[in-house]
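Asks: Read off the chains here:
2 protein chains.
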Amino acid sequence: MPTLYLIRHGLAADRDRDENDADRPLTPSGLQKTGQVALRLVACGLTCDRLLTSPLIRAQQTAQILVDAGFAADMQVLPALAPAGSLPDWLAWLRSASGLTAIALVGHEPDLSTWAETLLWGAPRGNLLLKKAGIIGLTLPEQDDPVGHSSLFWLTPPRLFIS
Amino acid sequence: MPTLYLIRHGLAADRDRDENDADRPLTPSGLQKTGQVALRLVACGLTCDRLLTSPLIRAQQTAQILVDAGFAADMQVLPALAPAGSLPDWLAWLRSASGLTAIALVGHEPDLSTWAETLLWGAPRGNLLLKKAGIIGLTLPEQDDPVGHSSLFWLTPPRLFIS
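Chains as they are written, first to last, in the working numbering: chain A, 16 to 178; chain B, 16 to 178.
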């Protein structure tokens, strides 16, 4: 059954008055902690065969760190992963993909935890807490619609993974 | 808000034909892995001020390992945590307790993941996967009924915590 990792981007700089939200980069601390998460993922023997990212800079930087650590061979930008993204659009992408055993998405809150709850229980309730550089691990069903038929095997804030 | 850790007992011996299920001890591998989990919990700065355990031997051994590691000062056996245990009985215990900031329960599956889903979403769906010596971390509401009003901040199998 395919594994899905939902990874929230690392800590990003505050928004300057004149800066576009999409351009905010990771802070030095965000770069460091995200790097530690990426190395631990690989040390645990985890990789993915498709890494999709939100187009926003802080997400693309997070995805690049995951690539550099060896968690994925490369990354692909998917507009559906931008803030207030579209779960149906991502599900359409998923249906068009085949033969994947592990997929990772880098994106934003509250989208990622909302999507996870929808995949698990069919509807969001706002009761999953996903920290920056945190990870949700789901097992998707082989055949069924993943909405309401997925399982949660992992949810971790970075402090309980890398410390 | 109080934190609740639901901890599944470690790997136990297979049941002999003549042996009572309640008396099955942890295996050497179960003892070792549970010990590693306990040490990591303490290394992450986590402790609890009340540790409750199922009366079964494999659960009491797991709880004792947590005490020996310094995760809790001592443990208390609660019959409601035995297999096919009673969430209402545990909730009655919770209402009678006060001033606790972190509570840990050592018990069995599918009870622990069923209880977690009930606390999170009001009803179980069977979509949380809790491995032996795995941990679920919930945040309980300060005032509201915890059923349907708790949040999940952590779910980990041992391999993604101690490795």
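It cannot be assumed that every hint is accurate.
Here are some chain A residues pointing at chain B (derived, C-beta under 8 Å) [to be verified]:
#	residue
1	S166
2	F168
3	R174
In short, the hints are calculated from the structure, not lab data. Keep in mind it's a predicted model, so treat the numbers as computed, not measured. Glycine included, each C-beta is placed from N, C-alpha and C at the ideal position.
Asks: It remains to establish, for every hint, whether it holds in the given structure.
Replies: Against the structure, the hints:
{"no.": "1", "hint": "S166", "verdict": "holds, 5 Å"}
{"no.": "2", "hint": "F168", "verdict": "holds, 4 Å"}
{"no.": "3", "hint": "R174", "verdict": "holds, 7 Å"}
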